[in-house]
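Q: Listed below, chain by chain, are the residues.
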Amino acid sequence: MKIALLLAIPAISTAQVTPAAIEKSPNSGWLTYNGDYASTRHSSLTQITPANARNLVAKWVFHVEGAKKLEASPIVHDGLMYVSNTNEIYALDARFGRQVWRYRAEQAKGTRVNRGSAILGDNVYFVTADCHLIALNRTTGNLVFDVEYAKFKDGYTTSIAPLAIRNGILVGVAGGGSGQRGFVASLDPVSGKENWRFWTVPAKGEPGSDTWGGFPAEMGGAPTWTTGSYDPELNLVYWPTGNPWPDFYGGRRPGDNLYSDCILALDAATGKLKWHFQTTPHDVWDWDANEPIVLMNATFRGRARKLLVQANRNGFYYILDRVTGEFLHAKPFVAKLDWTSGLDDKGRPKVNPDKIPTPAGTKVCPSVRGASNWMSPSYNPATGLFYVVTLEQCDIIVASAKEPVPASGFRGTGNEGIPTEPGKFYLRALDVLSGDKKWEYPMPGPGIMWAGTVSTAGGVVFTGDDDGNLVALDARSGKDLWHFPTGHSLFASPVTYMAGGKQYVTIATESDVFTFGLFE
Amino acid sequence: MPLLSLALSLLTAQMPTAPAAIEAGRQVYMGSCSGCHGATGEGSQGPSLLSGRAARLPDNTLFNSIRNGLPGTSMPNFDLPAEKVWQIAAFVRSLTAPAAAASLPGDANRGRALFFGEAKCSGCHRILGEGGALGPDLSNAGAERTVHQIRESLVKPSARIASGFRPATATTAQGTVVAGVAKNYNNYSVQILDRTGKLHILPRAELKQFEVRDGSLMPPVADTAALTDLIAFLARQTIRPYTAEAQ
Chain C
60 MKIALLLAIP AISTAQVTPA AIEKSPNSGW LTYNGDYAST RHSSLTQITP ANARNLVAKW
120 VFHVEGAKKL EASPIVHDGL MYVSNTNEIY ALDARFGRQV WRYRAEQAKG TRVNRGSAIL
180 GDNVYFVTAD CHLIALNRTT GNLVFDVEYA KFKDGYTTSI APLAIRNGIL VGVAGGGSGQ
240 RGFVASLDPV SGKENWRFWT VPAKGEPGSD TWGGFPAEMG GAPTWTTGSY DPELNLVYWP
300 TGNPWPDFYG GRRPGDNLYS DCILALDAAT GKLKWHFQTT PHDVWDWDAN EPIVLMNATF
360 RGRARKLLVQ ANRNGFYYIL DRVTGEFLHA KPFVAKLDWT SGLDDKGRPK VNPDKIPTPA
420 GTKVCPSVRG ASNWMSPSYN PATGLFYVVT LEQCDIIVAS AKEPVPASGF RGTGNEGIPT
480 EPGKFYLRAL DVLSGDKKWE YPMPGPGIMW AGTVSTAGGV VFTGDDDGNL VALDARSGKD
540 LWHFPTGHSL FASPVTYMAG GKQYVTIATE SDVFTFGLFE
Chain B
567 MPLLSLALSL LTAQMPTAPA AIEAGRQVYM GSCSGCHGAT GEGSQGPSLL SGRAARLPDN
627 TLFNSIRNGL PGTSMPNFDL PAEKVWQIAA FVRSLTAPAA AASLPGDANR GRALFFGEAK
687 CSGCHRILGE GGALGPDLSN AGAERTVHQI RESLVKPSAR IASGFRPATA TTAQGTVVAG
747 VAKNYNNYSV QILDRTGKLH ILPRAELKQF EVRDGSLMPP VADTAALTDL IAFLARQTIR
807 PYTAEAQ
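Chain order of the listed sequences is C and B. For the first sequence, the working numbering begins at 60 and goes up steadily by one. For the second sequence, the working numbering begins at 567 and goes up steadily by one.
Bound conformation, chain C alone (with noise of 0.2 Å):
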């Protein structure tokens, strides 16, 4: 007898993840957040199809003892599935669904969800909730370094699934609720000592510090909840930032509040800015820019250009040159959207005065949960059709003079639904190049959900929807194929990959990993 021939045996490869093999993703692994640094969550698999996914089945359940909220975007590579959870990260036999390890910060504080984590090399990472880094050996769960990157005591704390990319893992904080001052970090894959930091709000004296109206930077929320995007070719990550504090009063701070509300171009090798376009200039509707940036190369007015696309939360798709930032194209993208008039030729809006918040409430559309949030979209080339979990809602917002102190509880009050206005969320095909409504998947529910998307070269898309359904449709119609009700509520975006030959699709409930593959 042999020990241990692996020729022989279906055993997890050594392949390490490289940075080139996460910029062809996805394809039989699920290497980022997004899928890959494009965030186009289209995944090159093709078993499952139109024809065929009325067959899919129930393949396996994971419980993830504990857990409440699970929010994540699993990563898959080498027949390991990482999903994570507050302050643990387990690791699952993508096949079978059987745990293989696990990894709990034990001495982590804070209870915030976790969204996610990155691999690269032989490491995968993930955050605590107090703002620690932590990488793992992605075979055994060993640790390989847990790092600071922001006190909690200073009210810091996170919910990213960082972006790896080469020679540096991205990560953020939140804050734009509680005022902290935003930033985006690279930190070293092997070390996890800080390459740059990229500060959302400028220190006084700065470029963009006379946005602010003498507020202090240190209080300025525009924090970096949400994962970003890379185009290794220009050696550009693309992050957003969310909304300045307090988040529905803004007398104190006049001005546009740079950079809040921005999607930001930062050089990956020195996190200086080459270009930011904000969305919504002197936000009082908390209108994070969070929502996940899709890179894509296209013929825009008859001439190749790289763009970048954006569901926004103030109701908005958006179109611009990645390279320069310009604005190209915006469109609503939800009939409810009354804070403006529209955008003029550089992208910016003009409001409508009598949609800013009052002390009395000011009714306001879309809603403060956004036209979309960071529930992931998906952009299928193939199809030309960018799929977005949309909300159809407004609501009374109701604004505070109220001296503001951090990390209070304060955020210059907040909104009220309006009961005989319930929100309804549709999944909507958007022609990518002009932000068009091609078909729209009606969702009907309780209005809680946050799950998003993921589109296949087999021309079916998969969305949670707002009933706790898994629901697959077909690409080019919106044709409903198939569902699954998970009998949980979905707060995350599905994700699929091959293992042991078989395409599968999970997707990950309140408290259980589902997975589903093709009945055999």
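Think of the hints as simulated: they come from the structure by calculation, not from any bench. Honestly, I wouldn't trust all of these hints.
Chain B regions said to be covered by chain C (calculated; three or more residues, Cβ under 8 Å) [unchecked claim]: (1) 617-629; (2) 688-695; (3) 701-715; (4) 761-767.
Note that this is a predicted model, so its numbers are computed, not measured. Where a beta carbon is used, it is the ideal one built from N, C-alpha and C, also for glycine.
Position chain B against the provided structure of chain C, taking the given hints into account.
A: Coordinates of chain B only, in the frame set by chain C:
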């Protein structure tokens, strides 16, 4: 007036947390308590102090049990100054606290040298990225395990095997043998990490034979000075600085 003095001591004193006080308590404990409760509270003639009711006593009840004894049992009273009783109580409490909080004899530096050298622990165990993968990562051993648990793992490695570390051997239909530790297994699949650090995911139906053994791969450490040094070293392994207050 013992009642008054007891009342005063309860009013004025509380469980000390300083390492010096715990060490002072350990010294009294070793002389007066270990005969019945064992050197690390594991119990012998007397009950274990590491689990069950004894491990959950409120501070004052623990103090009173030591000071006054437990009528109807063989637990005698110890007529010691309140300060001394509190020190014993603090030591007893430290037995169920993370090892990082304990006052321990032994030379941690020598323990480190043993771990990464002569004792060959690092062949299988890893601390902050250094070492093998076949045994549990011990980077946070001091924050996650009690002294008793660390001692037991060293002296009786097979007494309790951490989940995912049972020795296992699988033989495929072709006769290939995979040996290592079972990260997981059931009737349908097995997940084995081999000695080279490779993970094998094997459908059970495709295996000719599969065996998981109850004993640990780890040889026991003899109860010598080396053991004391290894415990002292492992108890100090915490990923983040350990303070009782922070927990």
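Q: So, for every hint listed, does it hold in this structure?
A: These are the hints, each one checked on the structure:
Coverage of the stretch 617-629 of chain B by chain C is violated. Counting CB-CB distances below 8 Å, 0 residues qualify, and the rule asks for three or more. For the stretch 688-695 of chain B, the stated coverage by chain C holds: 3 residues have a C-beta nearer than 8 Å to a C-beta of that chain, and at least 3 were required. Chain C is given as covering the stretch 701-715 of chain B, and this holds because 5 residues of the stretch bring a CB closer than 8 Å to a CB of that chain, at least three being needed. Residues of the stretch 761-767 of chain B lying with their CB closer than 8 Å to a CB of chain C number 7, which satisfies the three-residue condition for coverage.
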